[in-house]
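**Student:** Take each chain as given, in its own frame, and dock them per the hints.
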Amino acid sequence: MLRYSLKRLLSLVISLAVASLVIFAVIEVAPGDPASFMLGMNAQPETLAALRSELGLDVSKPERYLAWIGGMLTGDFGTSYTYRTPVAEMVTQRLWVSLPLALYALTLSTLIAFPAGIYAAARRGRAGDIGVMGATQLGVAVPNFWFAMMLVLLFAIKLRWFSAGGFAGWQDGPWPALRSLTLPAVALALPQAAILARVMRSALLDVLGEDFIRTARAKGLTARQALWRHGLRNAMIPVLTIIGLQFSFLLAGGIIIEQVFYLPGLGRLIFQSISARDLIVVESVTMLLVFAVIFVNFAVDLAYAAVDPRLRART
Amino acid sequence: MNLLSLNNLSLSIHNFQILKGVTFDIAAGEIVAVTGESGSGKSMTALAAMQLLPQGAETTGHITLGDQDLTTLTESQLCGIRGNEIGMVFQEPMTALNPVKTIGNQVAETILLHERTSKAEAGKRAAETLTRVGLPQDRFPLSRFPHELSGGQRQRVVIAMAIARHPRLLIADEPTTALDVTTQAQILDLLTRLAREDGMGLMMITHDLAVVADMADRIIVMRNGEVVEQGETKTLLREMHHPYTRMLFAASSHKVTLPESRATGPLLEVKGVCRDYRTPRTTFFGQPGHFRAVNNVSFTLNRGERLGLVGESGCGKSTLTRALLGLEQVQKGTITLAGEPVFTGNKPNLAVRRHMQVVFQDPFGSFNPRHRVARQITEPFHLLDDPPTGAARQKAIDEALTAVGLKPSDANKYVHEFSGGQRQRIAIARALIIRPDLILFDEAVSALDVSVRAQILDLLVDLCAAYDLSYLFISHDLSVVRTITDRVLVMKSGEIVEQGATEDVFTAPQHPYTKTLIEAAPVLPEIQGLTA
Numbered sequence: 079m080l081r082y083s084l085k086r087l088l089s090l091v092i093s094l095a096v097a098s099l100v101i102f103a104v105i106e107v108a109p110g111d112p113a114s115f116m117l118g119m120n121a122q123p124e125t126l127a128a129l130r131s132e133l134g135l136d137v138s139k140p141e142r143y144l145a146w147i148g149g150m151l152t153g154d155f156g157t158s159y160t161y162r163t164p165v166a167e168m169v170t171q172r173l174w175v176s177l178p179l180a181l182y183a184l185t186l187s188t189l190i191a192f193p194a195g196i197y198a199a200a201r202r203g204r205a206g207d208i209g210v211m212g213a214t215q216l217g218v219a220v221p222n223f224w225f226a227m228m229l230v231l232l233f234a235i236k237l238r239w240f241s242a243g244g245f246a247g248w249q250d251g252p253w254p255a256l257r258s259l260t261l262p263a264v265a266l267a268l269p270q271a272a273i274l275a276r277v278m279r280s281a282l283l284d285v286l287g288e289d290f291i292r293t294a295r296a297k298g299l300t301a302r303q304a305l306w307r308h309g310l311r312n313a314m315i316p317v318l319t320i321i322g323l324q325f326s327f328l329l330a331g332g333i334i335i336e337q338v339f340y341l342p343g344l345g346r347l348i349f350q351s352i353s354a355r356d357l358i359v360v361e362s363v364t365m366l367l368v369f370a371v372i373f374v375n376f377a378v379d380l381a382y383a384a385v386d387p388r389l390r391a392r393t
Numbered sequence: 014m015n016l017l018s019l020n021n022l023s024l025s026i027h028n029f030q031i032l033k034g035v036t037f038d039i040a041a042g043e044i045v046a047v048t049g050e051s052g053s054g055k056s057m058t059a060l061a062a063m064q065l066l067p068q069g070a071e072t073t074g075h076i077t078l079g080d081q082d083l084t085t086l087t088e089s090q091l092c093g094i095r096g097n098e099i100g101m102v103f104q105e106p107m108t109a110l111n112p113v114k115t116i117g118n119q120v121a122e123t124i125l126l127h128e129r130t131s132k133a134e135a136g137k138r139a140a141e142t143l144t145r146v147g148l149p150q151d152r153f154p155l156s157r158f159p160h161e162l163s164g165g166q167r168q169r170v171v172i173a174m175a176i177a178r179h180p181r182l183l184i185a186d187e188p189t190t191a192l193d194v195t196t197q198a199q200i201l202d203l204l205t206r207l208a209r210e211d212g213m214g215l216m217m218i219t220h221d222l223a224v225v226a227d228m229a230d231r232i233i234v235m236r237n238g239e240v241v242e243q244g245e246t247k248t249l250l251r252e253m254h255h256p257y258t259r260m261l262f263a264a265s266s267h268k269v270t271l272p273e274s275r276a277t278g279p280l281l282e283v284k285g286v287c288r289d290y291r292t293p294r295t296t297f298f299g300q301p302g303h304f305r306a307v308n309n310v311s312f313t314l315n316r317g318e319r320l321g322l323v324g325e326s327g328c329g330k331s332t333l334t335r336a337l338l339g340l341e342q343v344q345k346g347t348i349t350l351a352g353e354p355v356f357t358g359n360k361p362n363l364a365v366r367r368h369m370q371v372v373f374q375d376p377f378g379s380f381n382p383r384h385r386v387a388r389q390i391t392e393p394f395h396l397l398d399d400p401p402t403g404a405a406r407q408k409a410i411d412e413a414l415t416a417v418g419l420k421p422s423d424a425n426k427y428v429h430e431f432s433g434g435q436r437q438r439i440a441i442a443r444a445l446i447i448r449p450d451l452i453l454f455d456e457a458v459s460a461l462d463v464s465v466r467a468q469i470l471d472l473l474v475d476l477c478a479a480y481d482l483s484y485l486f487i488s489h490d491l492s493v494v495r496t497i498t499d500r501v502l503v504m505k506s507g508e509i510v511e512q513g514a515t516e517d518v519f520t521a522p523q524h525p526y527t528k529t530l531i532e533a534a535p536v537l538p539e540i541q542g543l544t545a
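Each protein sequence line maps, in turn, to chains Y and X. Each residue of the first sequence is one higher than the one before, starting from 79 at the first, in the numbering used here. Each residue of the second sequence is one higher than the one before, starting from 14 at the first, in the numbering used here.
It is possible that part of the hints are untrue.
Unchecked claim - Pulled from the structure, derived: some chain Y residues nowhere near chain X, Cβ distances all over 10 Å:
{"no.": "1", "residue": "Met79"}
{"no.": "2", "residue": "Ser98"}
{"no.": "3", "residue": "Val100"}
{"no.": "4", "residue": "Thr125"}
{"no.": "5", "residue": "Ala127"}
{"no.": "6", "residue": "Ala128"}
{"no.": "7", "residue": "Ala166"}
{"no.": "8", "residue": "Ala213"}
{"no.": "9", "residue": "Gln215"}
{"no.": "10", "residue": "Ala219"}
{"no.": "11", "residue": "Leu256"}
{"no.": "12", "residue": "Ala377"}
{"no.": "13", "residue": "Val385"}
To be verified - Residues of chain Y placed beyond 12 Å of chain X at every Cβ, according to the derived structure:
{"no.": "14", "residue": "Val137"}
{"no.": "15", "residue": "Asp154"}
{"no.": "16", "residue": "Gln249"}
Claimed, not checked - With beta-carbon atoms standing in for the labels, derived distance ranges:
{"no.": "17", "chain 1": "X", "residue 1": "Arg385", "chain 2": "Y", "residue 2": "Pro316", "range": "12 to 22 Å"}
{"no.": "18", "chain 1": "X", "residue 1": "Gln523", "chain 2": "Y", "residue 2": "Arg388", "range": "35 to 45 Å"}
{"no.": "19", "chain 1": "X", "residue 1": "Thr73", "chain 2": "Y", "residue 2": "Leu380", "range": "48 to 58 Å"}
{"no.": "20", "chain 1": "X", "residue 1": "Leu397", "chain 2": "Y", "residue 2": "Thr319", "range": "38 to 48 Å"}
{"no.": "21", "chain 1": "X", "residue 1": "Tyr427", "chain 2": "Y", "residue 2": "Tyr143", "range": "54 to 64 Å"}
{"no.": "22", "chain 1": "Y", "residue 1": "Ala377", "chain 2": "X", "residue 2": "Ser422", "range": "52 to 62 Å"}
{"no.": "23", "chain 1": "X", "residue 1": "Asp202", "chain 2": "Y", "residue 2": "Ala377", "range": "42 to 52 Å"}
{"no.": "24", "chain 1": "X", "residue 1": "Glu412", "chain 2": "Y", "residue 2": "Thr300", "range": "14 to 24 Å"}
{"no.": "25", "chain 1": "X", "residue 1": "Gly346", "chain 2": "Y", "residue 2": "Ala145", "range": "55 to 65 Å"}
To be clear, the hints were calculated from the coordinates, so they are not data collected in a lab. Even glycine gets a Cβ: it sits at the ideal position worked out from N, Cα and C.
The following block holds chain X by itself, in its conformation from the complex (with noise of 0.2 Å):
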């Protein structure tokens, strides 16, 4: 008997097409993973599931959750069913809870608003069912606010209040995209546990095939709105009909050629590096304390060779970047690049910096919307002592662009005009123009689907060999730092605890850290036939 059926469920916005025509069922006890790239549609096919749309919204079709259409329901049933019979966790953990309110205030609300019960009896619920998600009263009581929790502990509290009526089903929308790859696999965990003990039927919305690909009885895969297959997940990943689901799979493991590296000598040299932040004082006239967020980090970067820095979040890799862009000064160590310190006196070196550039994760943040492409991306331009004017600019512009696979006409657009995909070429574009030794990709990939992710890595393994670049890539997906570079660093707390040849350090890992590391990392399985 199915739980949840679609049923040629239709969507528009303010008459813009969103779905069409989708049409799956979720049997109780199940999980089905919902797939597909930025714009397919799974995340409004699970507000609609949930009733949540945003104003403006019309649907067609049926959504049946046992033997009640959710589409003919008044607002009031469905406030009873929501949180109730169906509970939803959200990707952010970092903002999916009121801070004003405490974690236990938070979870007895939803068993306080669907039965009536004392709000003692209703709190002693909340603790049963924190502790049941993995946090124990003990260490985490009631009385918790959120800002005192960790992104995976929040998430858990999510999860928590998801499941405190023991609903039929749980929609889980990206529940580990913003989570680190240890935590994500405890979350994973988490919910095939739950939904396999309260035999729930389990919605995961992803846009990572992996996570899914060893949790999920069943995939769906999304395009534009529409469902473009279904079936149980092996079967699925044996079979592949559609030629998109093959193009997401392959893209997802896309794996690159590197150039040979032709390494010769150092060019970027750091040596017992320490970064130090000041904490509160904890007395009125105390002395300040201090944290040591980069802890004497040393490495070296040769001239022609692709560095690739993992760790999880809160370890320092942001810290290290902003210390090697020399935007900031450590207490202790040197970085220099070709033999030049990065930071002189008490401002970044420029006679340094027009030799490194960088890359940042945020394709939409980091650009001036009210500035054109062509401004924007000869902004490095500043570092130069005599930049290229009139013809030679516009020469420069040209090349940059049509290196980066965009036309020189696209110089005189704004941001808002291209994709996020689009938007990374020109961040790197206005890396490139300057010609600098080496770019830091600062999780460059990180925020792109994985179709656009495996263009952009192709177009860096094509410029590092045609402009002779270093690379310095910094980012805790594992397997896109697989890819892409010669050598990697592994941090964890401000450390470096591990470092090598990328593949010497993947397939046998010395330190215990790495190891958790990769083990944790969510992996397709190996399928025959496919090639990116």
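For reference, chain Y alone in the conformation it holds in the complex (with noise of 0.2 Å):
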């Protein structure tokens, strides 16, 4: 096990250094001089020396990736060229709020599909099982911005027990920030269950015809015994996978949620540094999510591990 997770952990320092040599390399070739951008068309050539030399433009390249990665390393990761504030703080601001949402709708996602997903297998082709699947064929159709404004007009318009958007913050405790997250993390939540739901029944459905299941019965197990016994840990991998890849997205890929529900969320600032030219952002908020990507498919392995024995012996 101690050698199966320092090899992950070695394939995941190696990936970050790869990830954020091609960050580094993509957002040197996009045209476009931030320097020339932040002054203007008719900026005089001396100012704009200026400027570059304080952003620390006018340095070789090999320099300045060296510099970025080691500030990234002591957590100075710039400063923005627009906001003239340090991206660190910016990027911390908004993982506060980030951060929790993706959490929140994932944990909201799994709570609804492991039961469904459980609940569909285990009646296979009865109706139980048709009406699940309907509901989950809904969730993955109907894109999760509808779900948003339906969820609005019902519980923010009509009920009125959330607010319709904005973040409450943190300083209130968790209650306030949390009520004002969770309308976007349902919304969020709901596409994602239904995928999730889906791929729990059919990997569970491909375990619960092994043959080990029949054992399972001879000995004198129940269908649902067999099922909750042997069945569940087997269909892990496929959900954990699925899991992994969903956090991902979920971490950055709200931008649309953030957006309906006026939430300062990382999905935003960083549409707002591309609009803005703001590369220096732009760069560190993709190699944070980068890492956390990677981080995640890292927990994914030792979860993996911890499931079935077979990968632990494998080195």
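**Tutor:** Set out below in structure tokens:
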């Protein structure tokens, strides 16, 4: 298990190094000089040069790469070209919205998907299964911003249980913040839950067709006991894969939902920075997201090994 | 007193009749073999006795265990009987165990399900049971996972799970079909011993009569969901009233007469071949290790000769086959067909491949289900510089299909329209169509029923005479190799340990391993007046 973990960890570090190079190179080849963009068309060459030196754009590319990576490792992400505030500060602020939102949505989606998928698999071909599958079909087909608008109409405008948008912040304790994240989390979670439930169902059905389930039944287990004791853990590998992918998506992919609910999240930050050609922010946030994705994959790999002893043995 | 009685048991699944009026009894301590070809309903009979039938199954008639009619019990009552009074062992030990739970956990589960006892006590009993089936605790602790065991060892775990509660009846559904002959002999001994020691009734489901001929007290022969004959083993084997029983026995011991081998110089020459596989590194920066799957193998197959290659799973047969076909590069040695190397540069030598074709084991998996027969069997034409087209192509298809006993009109069908035996004929037609010199048969009749196997063997004999073919026949089934080959190679742990004329090797084996193999192989008793 230790060898397996170390090996995954090594692969994590290599992936990060490669990703940082690619991100840096892509941003470098993107046309447009941030300094001239900030100063406008008629800027004096001297002012431009001064700004370029201030932004650290006048040194060679390898030096800039090393400075960028070195800064990231020490928590210094540079200063935003447009806002003139440290990027680290901006990102931290946004993370306090996006990370809880992603976790909240993922928890909800798992809480919905597991029972739904297991229920459908246990009742394969019967009314319960058809009902669940129909609902998930709808969940996959309907875009999350439409769910978001319906949720706002019902819970914010009609019932007035939640506010229609904005973020209350964490300064008054967790409840106001969680309350303002609830509708967005539900809107994000529903389509994800639909996908996850379908994966859960089909993974479980595959496992229930395996010989060892028949062996379990021959021992005297009821169909339900066989499913819970022998089926579920074996069905977890594909489910964990999807959960990993979904978390990565939720962290940055909630941009439309952030827009609908007017949440100051990472998705919006990256969108605004791209429009403003604030490349240092784009670079740093992208790197952060890549880190998150690779880290989640690492966690999923460890979860695989926890679930399946055959992976632990493999080096 | 009968332990299990099936009385006029009929079964249909979604209105498709599977069993028709099956009636037989098993007494306590009795070993009863239920035999028949695929589709005879023998496995469904076993599942009916367990009341573990698929959805949509409807039964009539009675299944009585002791004084309880199983067909009238509720599901929860049945759960109390399964594993407790009836244990079951399945065919495929590789998949019959839960891969994510330890063997101790899985054996103890049977005990914990049926009695109120502590986990520690159940673990202790699981250890005892595992020791009893030949898995002593010092070598196979409870904490082992299934993937750490071999096929035969896993089957022992499955048996331990089934007998942990000392059931009155043990049902074994083809328990040794997936195992090697030497392992098979051990598992059969174990099952017999357990049944005798515990006075347990044993229902052995098998397609292989030789397996049960000397262990069963009684034999029940089934065909198309009906019992055609049953009786005491000796009496049944002597009398054989029903023609189907006679056909089954004749087919099992089917012998063919090979045409005289006109060996005219070497065709396939294998010299000092080694094939290594890389094994994972043991340290982060260390060199990866090597596993030598084929070690210094040399042999010659003469033109017109039928050569056999036998050995147990993992002995390197399949690796050698892939190397012969030029599918993989060998690390040492040379393989030539008519003087030309089978592997050139970094790819198979296609000029050689047109003289060498292969027929695989699985008649279901070795075809693309979306292609028609005509397209499947003309596939090897890509090896030719000038493949026939139009009428010539059609003529080649017609000839190949006719040669293997199918009709030219079959060319427009899809493979799912054919039975297993017919598919294997199509596979042979595919090999035959470019008129090769040599055909490799990789376990080509192992998945077939005995009667179909006999027909395919006859076909192979006809073809080798008509088309002047040489065969390399790779199989774990000694009786088949004995009848269809002139000469045989015995392979063990990547090496050829013995070779010689087939009859000589079988009657007077020299190497101890060959002796073990031949002794372990189940044989049918000689019965007078039976010829195929």
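**Student:** Return holds or violated for the Cβ distance of glutamate 412 of chain X and threonine 300 of chain Y against the range 14 to 24 Å.
**Tutor:** violated, 58 Å
**Student:** Go ahead and decide if the range 35 to 45 Å is satisfied by the Cβ distance of glutamine 523 of chain X to arginine 388 of chain Y.
**Tutor:** Since the Cβ atoms of glutamine 523 of chain X and arginine 388 of chain Y sit about 41 Å apart, the hinted range of 35 to 45 Å holds.
**Student:** Run the C-beta distances from valine 100 of chain Y to all of chain X and say if the shortest one exceeds 10 Å.
**Tutor:** holds, 26 Å
**Student:** Beyond 12 Å from every Cβ of chain X: is that where the Cβ of valine 137 of chain Y lies?
**Tutor:** holds, 36 Å
**Student:** Is 55 to 65 Å right for how far apart the beta carbons of glycine 346 of chain X and alanine 145 of chain Y are?
**Tutor:** holds, 58 Å
**Student:** Minimum Cβ separation between glutamine 249 of chain Y and chain X greater than 12 Å?
**Tutor:** Holds, because the least Cβ-Cβ distance between glutamine 249 of chain Y and chain X comes to about 46 Å, which exceeds 12 Å.
**Student:** So does tyrosine 427 of chain X sit 54 to 64 Å from tyrosine 143 of chain Y, Cβ to Cβ?
**Tutor:** holds, 59 Å
**Student:** Does the claim that alanine 127 of chain Y lies off the interface hold, with its Cβ farther than 10 Å from every Cβ of chain X?
**Tutor:** holds, 49 Å
**Student:** Would alanine 219 of chain Y pass as off the interface with chain X, using Cβ distances and a cut of 10 Å?
**Tutor:** Correct as stated: the minimum Cβ-Cβ distance to chain X is 30 Å, above 10 Å.
**Student:** Since alanine 377 of chain Y was said not to touch the interface, does its Cβ keep a gap of more than 10 Å from each Cβ of chain X?
**Tutor:** holds, 19 Å
**Student:** Can you tell me whether the CB distance of arginine 385 of chain X to proline 316 of chain Y sits inside 12 to 22 Å?
**Tutor:** violated, 35 Å
**Student:** Find the nearest Cβ of chain X to the Cβ of methionine 79 of chain Y and say whether that gap is larger than 10 Å.
**Tutor:** Consistent with the label, methionine 79 of chain Y stays out of reach of chain X, its closest Cβ about 13 Å off (over 10 Å).
Going down the numbered hints, you'll see the structure goes against 13, 17 and 24, while the others check out.
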